[in-house]
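Here the structure of chain A is known, so what remains is to put chain B in place on it, guided by the hints.
Going line by line, the protein sequences match chains A and B. Residue numbering for the first sequence follows this note's numbering, starting at 125 and increasing by one per position. Residue numbering for the second sequence follows this note's numbering, starting at 125 and increasing by one per position.
Incorrect hints may have been included.
[Claimed, not checked] Taking lysine to any residue and the SDA-like style, the derived pairs with C-alpha atoms no more than 20 angstroms apart in a straight line are:
1) B:Lys297 with B:Asn235
2) A:Lys146 with B:Ala185
3) A:Lys146 with B:Ala283
If you're looking for bench data, these hints aren't it; they were derived computationally from the structure. Quick caveat: nothing in here was measured; it's all calculated off a predicted structure.
Number of protein chains: 2
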Amino acid sequence: MPKTHMPDALADFEPTARTRVKRQGIRGAYDRETVYGILDAGLLCHVGYVIDGQPYVTPTAYWRDGDRVFWHGSSASRMLRQVETGIPVCFTVAMLDGLVLARSGFHSSINYRSLMAFGHADKVTDPEEKLAALVAFSERITPGRWAEQRPVTKQELKATTVLTMRLEEVAAKIRTGPPGDDEEDYALDVWAGVVPVHSVIGAPEDDPRLNPGIAQPAYLKTVKIG
Amino acid sequence: MPKTHMPDALADFEPTARTRVKRQGIRGAYDRETVYGILDAGLLCHVGYVIDGQPYVTPTAYWRDGDRVFWHGSSASRMLRQVETGIPVCFTVAMLDGLVLARSGFHSSINYRSLMAFGHADKVTDPEEKLAALVAFSERITPGRWAEQRPVTKQELKATTVLTMRLEEVAAKIRTGPPGDDEEDYALDVWAGVVPVHSVIGAPEDDPRLNPGIAQPAYLKTVKIG
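Okay, chain A solo, but in the shape it has when bound (with noise of 0.2 angstroms):
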């Protein structure tokens, strides 16, 4: 492999005039490996689209696989068939971390991940590279349970519309840490700090008319989300 593909694989994403972060107190990142590891913690995405000059904003599980991110969903659904035309799409992921509860409300505010990603999606046509996209996000969840299920069928696989986004213009926006009080206000006998907000994973619940003698798969105590 030519060592001249390497730098630019591994290359921070470019913040442009839309995706480059302003606001004070907030972290803006565009290097890969923050980028991806707000991906990979986040289970559910928001994508916006405009139709006919109007925003709709649809949440959605999604997942990542190198430098593109996927979802999908039934080949009838007015979002995807939408998007497939390849009209530009706003990917926005987000999680809340926390409550920062400052000695002021002007100062009090939110600990979260989050990113944006400008683009466009492309539909994953080959029917094999849609069945590996599938198995990916499978296997993200629950490592090992693709091959423990009844496998999809052709016509599940022709009802099921996978879309995929290169991650081009794409920025994360970052807080974290105690609240940041005016200074004069650290003098005052106000309670303040952080409350942690996490996402937790419960315990499985049997489906109802799951067949005895059937154990709780391992994978299952490894699910992580958030």
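Below, chain B alone, put in the same frame as chain A:
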């Protein structure tokens, strides 16, 4: 109060071509109890808007008061400055409640509560109304805290934009419960069920610069999001 005003205020939202939920296996809801319930559980919304044909999806904190939602931020925020002009907005809230692991990949899904509202936002310009809105936001999360904090200054209030959007064209979309497998797949010896995902509040973290002897207030124990 004339009684004729009551039915209007309590009526269901009227589904429209763009809010009517069409997908199978998912529950669309247009009643105020469901819509308000989702709104009052969440904290983070995604606001969609269009600039020069490009969709933008900005995550931000929101709160509800009656049949209105509110969000706010710095008066310098690009999102707020665009949206306050009254352009079409899509206001979306989504909370992930669980992974639905079916016996086939095709019927695997997620449980969630979500809500999509179309409309436009108005800027809250009256200083007293603006202050009341900010107090309502604070009280929704941490009741009692506003009175303890250093009062907001006129300059801070000026530097803050509060937007409000009346809920008119709105639909909730919810999935709950176990997987819905193909009838013949229930015979398979594959584990199936739901892996719940919860949003939980962690132990509050004192600001490193907190004055000695300040205890964590009681309202921190009752914070609830999700």
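Violated hints - listed by number, lowest first:
The structure breaks none of the hints.
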